[in-house]
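Q: Based on the provided sequences and hints, a complete structural model is requested.
One line per chain: the protein sequences are A and B, in this order.
So the first sequence is numbered by the working numbering: it starts at 1 and just counts up by one.
So the second sequence is numbered by the working numbering: it starts at 1 and just counts up by one.
Keep in mind the hints are simulated off the structure, nothing from the lab.
What you are looking at is a predicted structure, and each value in this text was computed from that prediction instead of being measured.
Honestly, I wouldn't trust all of these hints.
Simulated DEER-style distance windows between Cβ atoms [stated by the list, open to error]:
#, chain 1, residue 1, chain 2, residue 2, range
1, A, Glu150, B, Ala232, 23 to 31 angstroms
2, A, Met174, B, Gly45, 57 to 65 angstroms
3, B, His200, A, Gly84, 40 to 48 angstroms
4, B, His200, A, Arg145, 44 to 52 angstroms
5, A, Asp313, B, Pro110, 18 to 26 angstroms
6, B, Gln225, A, Gly84, 30 to 38 angstroms
7, A, Leu240, B, Gly202, 46 to 54 angstroms
8, B, Ser71, A, Trp402, 32 to 40 angstroms
9, A, Glu151, B, Ala232, 48 to 56 angstroms
10, A, Ser120, B, His200, 49 to 57 angstroms
With the C-beta cut set under 7 angstroms, the calculated list includes, among others, these residues of chain A facing chain B [as the list claims (entries may be wrong)]:
#, residue
11, Glu184
12, Glu210
13, Gly211
14, Ile212
15, Gly218
16, Met219
17, Tyr288
18, Asn289
19, Leu328
20, Gln332
21, Leu333
22, Glu334
23, Phe335
One-sided excerpt, in silico: chain B residues whose CB lies under 8 angstroms from chain A [as the list claims (entries may be wrong)]:
#, residue
24, Pro112
25, His200
26, Ser273
Just so it is clear, CB atoms sit at the ideal spot from N, CA and C, and this is done for glycine as well.
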Amino acid sequence: MVKETSQKPATSSNTILIQGGIVIDPGRVNGRADVLIQHGKIVEVGFPLKTPIRQDSSVIILEANGWIVAPGLVDLHCHLREPGFEYKETIATGAASAVAGGFTSICCMPNTQPVNDNESITKFMLAKGEEAGKARVFPIGAITRKSEGEELADIGELVDAGCVAISDDGRPVMNSLVMRRALEYAKAFGIPVVDHCEDLHLTDGGCMNEGIVSTELGMPGIPDASEEVMVARNLALADLTGVHVHLAHLSTARSVELVRHAKGQGLPVSAEVCPHHFSITEEAVRCYNSNAKMNPPLRTDEDVQALKQGLVDGTIDVIATDHAPHALQEKQLEFDTAPFGIVGFETALPLTLRLVDDGVLSLEQAIDKLTRAPAQLFHLPVGSLQPGKSADVVVFDPKEEWVVDPTQFHSKSQNTPFGGWTVKGKVKMTLVGGRVVYDAR
Amino acid sequence: MGLQRKDLLTIAALTVDEIQLILTTAESLKEVGGRDIKKVPALRGKTVVNLFFEPSTRTRTSFELAAKRLSADVINFSPSTSSIVKGETLIDTARNIESMQADIIVLRHPSPGAAENLARSVRSSVINAGDGWHEHPTQALLDMFTIKEKKGRVEGLTVVIVGDVAHSRVARSNILALTKLGAEVRVVAPPTMLPDSIEHFGVTVFYRLDDALIGADVIIMLRLQRERLSRALLPSIREYAKLFCLTPERLNLAKPEAIVMHPGPLNRGVEISPSVADSVAAVILDQVTNGVSVRMALMYLLSGSGERSTLNE
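A: Set out below in C-alpha cells:
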C-alpha cells in the first residue's frame, strides 16, 4: 500500500550510513548501533556492521553523535485541512511540520471540505502527499457520507483507493445502529474503525471540562460522561461485531478504566492518548487561553494520572497528536467561539519524553507508542528499522533543551498552549525512504 | 486612596478593602442624584464608551447616566453579535474605539472572559458589564450597596439566591461578593440549574424554596430565562412557578424584616408574585437607583487611580 516517493534522493549516493548513534527499534534493538541504508531501504542495523562498506565518497555518512536513532514516528491522528481549509494547513505544510517533529507517517482525518468519503478525495490526498515529498500520508476515510452520520460512505472504494481506516472524527456517529453497520461492513476490508467518543447531546455546546474551573469561569462544560458513554457504547459494539474499534484521544480516567476492562475480556479494541491530555490540565484554560481549547477538553490531574497509568499498563496502545491547526484569526476569537484543537506534530516527541524523564515510561516504551505500536494497529508497513523496510528514520537528541516558539513552527498555524515552554528532546534529522527530509544538525 | 487597578473585571479579583472603598465612595456620590443639578465635574473631558454586544436597556442606561453625572462624554456602541461570528474579533472593535481616545470602555459581551481579554489588549480602563455566564461585578456591587443601606451590614446576614445559578453571571458575582463580605449564602434551584461543584464557593445548596427561606435576611431572586425550557432544564414554567415563585406566604418564612431583591427585568407570576414585587419588602427600585451611584463611584475611582495595575496579571 505504501508507495515509494518518486522523487530522487536528496543525496547523490544510494548508500547512507547513520553512525555513532544509539538505536532504539522497539522490540528489536536498543543500544549503540549503526544503520546502513541502500536504495531507500534498511540493509543492516548493528555494531559493528557485517556488511562491507566501501570507504569512499560514494557513501554518505550521517553522524549521530550519540543521539537516539529510531524508526520514524507514526501518527494515527492528524488533520491536514486540505482540501478546503488551506488557510489553516495544507498537506505540504502539514507534512513538513510532521517531519520537523520526527513523524514520517501520518494518518489524516477525513473532515476536510469536501469530506474524504470517496476515492477522488483519497487519491487527491495521496497525490498531494507524494508531491510534498515529506512524511508519508495515509488518509483515513469517512464512515458515513459527508460524515453526516446517516448513510455509510463507499468504504470499499475508500480502502481500495488507499484509506487505512475509517472515522467520522469531529462529527462522531451518534446513531448506534449506523455505527454497528459500519463496523460489520468494515469487517470485509480488515480495517479498524476509529471513533471520536463524544455524545454531542451531553456536550450541549460545552467548550471546556465541566468542573470547578468551568463553574468559576462561567463556561459551558463538557462532562466526562460525554466521552465515557460513547466509549462504553463502542466497546459493546466491538464485542457485538468482533471488529477492531480504535478509540481516539481518550481523556478521562473512567474511559481508561472501561478500556482496561474490555481488553481484559479480550475485546478487539485499541486506544490512543494525545500529549496535551497527559501534559496539562483544565487549569490551562483559566486565563481564557483559546490555545488550551481542544476536544476532548483538558481534564483534571486525576485524569492525567490515569492516562499515564493507561500508557504504562498497555491499556492505551499509542500516542497520537490530533494535530489540529487553526488560523490565528480563529483562535483570536473569544474562548467559547474559537475552534477546538491545537497543532501537535512539533511538540509531541518532547512532551512524550517528559514521561521518560518522570519515570513513567522507559525510552523504548515511549518510542514504541510512537512507532511500532501505531504502525501495527493500522497495518502500516512502517514503524521499524528491520532490514528490508523503507528507511524511515528519526534522529533526535534526547537531552537538548529548547524553547517552544510557535512562530518557528513548520506548520502553517501556531495554535499551541506550549509556546514558551522549555522542553527536552530535539529532532536532528528525519529520513523518509532513505532521503533526508529534515535536517537540523 | 484610589483603586489601584486599571480595570474592573471580576468580583473574584477584588479584595474586601477594594469592595468597601467602592461602596463608601458610592455612598458619598449618591447625594448627587438628589440635587437639582445632578452633575459633578469629576470626569469632565473624559470619554466613556458603552460597548454592548448584547441587548441591554437598564444596565446600559445606568452606566450612561453615571458617566453623564460625572460630566464625561458618553458614546453608546452596540455592534451586532453577527459581526463577531463573521470574524471581526472583539479586540479589533475595541482597538478602534481605543483609537478614538476612550478613557473607559464598559463592555457587555456574550462570551465569558471577554472583558479580561479586552483589558489585556487596550490601554483604556475596562469595566465588565457582564460576560456570558461568568460575572456581572457592578450588579453585585450595587446589590452589596443596597443590602448595606437597608440592613446596615452584609457580614453575618443570611442571603438566599433563588433560581438559575448555573446560567447567571449575577449569581456568580453575588456569591463571590457576599462570601467575601462574610454573609452566609444559600442557593436554591432545581439541580439542573446549579453548576458543577457550586458548594466549593462556600454556599449551602437547597432544592426546595421553603427550606431555604427559613431565617433569611435577604432574598435575591434571579430572572428565569424562558429559553431554558428547550434544554431539558425544566419541565414547565408552570411547575417552576409552583415550586419557586416567591409568594407572600413563602416570604413569611423569612425573617420579618427580610428584603427582596431582583436584578430585573421581572417575570411577574413566574419567579416573583406581584404582591411581593410591590410590597415594602421589595427593594428592587432602590437597586436601580443605587446602580447609578455605584457605577459613578467605579468610574471615578478608575479614572482617578494613580498607579495602574491590570486585574489578573
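Q: Next, verify each hint and record whether it holds.
A: Evaluated hints:
1. The hinted window of 23 to 31 angstroms between glutamate 150 of chain A and alanine 232 of chain B holds, with their beta carbons roughly 24 angstroms apart.
2. Between methionine 174 of chain A and glycine 45 of chain B the beta carbon distance is about 59 angstroms. The supplied range of 57 to 65 angstroms therefore holds.
3. Checked against the hint of 40 to 48 angstroms, the C-beta distance between histidine 200 of chain B and glycine 84 of chain A comes to roughly 43 angstroms, which is consistent with it.
4. Separation of histidine 200 of chain B from arginine 145 of chain A is about 46 angstroms and conforms to the stated range, judged on CB atoms against 44 to 52 angstroms.
5. Taking the beta carbon of each, aspartate 313 of chain A and proline 110 of chain B are about 44 angstroms apart, not inside 18 to 26 angstroms as hinted.
6. Under the hint 30 to 38 angstroms, the C-beta atoms of glutamine 225 of chain B and glycine 84 of chain A, about 37 angstroms apart, fit the expected range.
7. For the pair leucine 240 of chain A and glycine 202 of chain B, the beta carbons lie near 48 angstroms from each other, so the given range of 46 to 54 angstroms is met.
8. Judged by the Cβ atoms, the range 32 to 40 angstroms given for serine 71 of chain B and tryptophan 402 of chain A is violated: they are separated by roughly 55 angstroms.
9. Checked against the given bound of 48 to 56 angstroms, the beta carbons of glutamate 151 of chain A and alanine 232 of chain B, roughly 29 angstroms apart, lie outside it.
10. With their beta carbons about 53 angstroms apart, serine 120 of chain A and histidine 200 of chain B fall inside the hinted range of 49 to 57 angstroms.
11. Here the hint on glutamate 184 of chain A is broken, as its CB sits about 33 angstroms from the closest CB of chain B, past 7 angstroms.
12. Contact between glutamate 210 of chain A and chain B, as hinted, is supported at the beta carbon level, the nearest pair being about 5 angstroms apart and thus within 7 angstroms.
13. This hint holds: glycine 211 of chain A has a C-beta 5 angstroms from the nearest C-beta of chain B, less than the 7 angstroms allowed.
14. With its C-beta approaching chain B no nearer than about 4 angstroms, isoleucine 212 of chain A sits inside the 7 angstroms limit, and its interface hint holds.
15. Interface restraint check: glycine 218 of chain A against chain B, minimum CB-CB distance 3 angstroms, threshold 7 angstroms, status holds.
16. Contact between methionine 219 of chain A and chain B, as hinted, is supported at the beta carbon level, the nearest pair being about 5 angstroms apart and thus within 7 angstroms.
17. Taken as an interface hint, tyrosine 288 of chain A checks out: its beta carbon lies about 3 angstroms from the nearest beta carbon of chain B, inside 7 angstroms.
18. The beta carbon of asparagine 289 of chain A is not positioned within 7 angstroms of any beta carbon in chain B (closest approach about 9 angstroms), and the interface hint is therefore violated.
19. With 7 angstroms as the threshold, the beta carbon of leucine 328 of chain A stays out of range of chain B, its nearest partner Cβ sitting at about 10 angstroms, so the hint is violated.
20. Given hint, glutamine 332 of chain A at the interface with chain B, holds; its Cβ is 5 angstroms from that chain's nearest Cβ, closer than 7 angstroms.
21. The closest approach between the C-beta of leucine 333 of chain A and any C-beta of chain B is roughly 6 angstroms, which is under the 7 angstroms cut-off, so the hint is satisfied.
22. Checking glutamate 334 of chain A against chain B by beta carbon gives a least distance of about 3 angstroms; that is within 7 angstroms, so the hint holds.
23. Because the beta carbon of phenylalanine 335 of chain A sits about 5 angstroms from the nearest beta carbon in chain B, less than 7 angstroms, this interface hint is met.
24. Given the 8 angstroms rule on beta carbons, the hint for proline 112 of chain B holds: about 4 angstroms separates it from the nearest Cβ of chain A.
25. With a least beta-carbon distance of about 5 angstroms to chain A, the hint placing histidine 200 of chain B at the interface is held under the 8 angstroms criterion.
26. Interface hint at serine 273 of chain B: violated, since its Cβ lies 29 angstroms from the closest Cβ of chain A, which is beyond the 8 angstroms cut-off.
Checked against the numbered hints listed earlier, the structure breaks hints 5, 8, 9, 11, 18, 19, 26; every other hint is satisfied.
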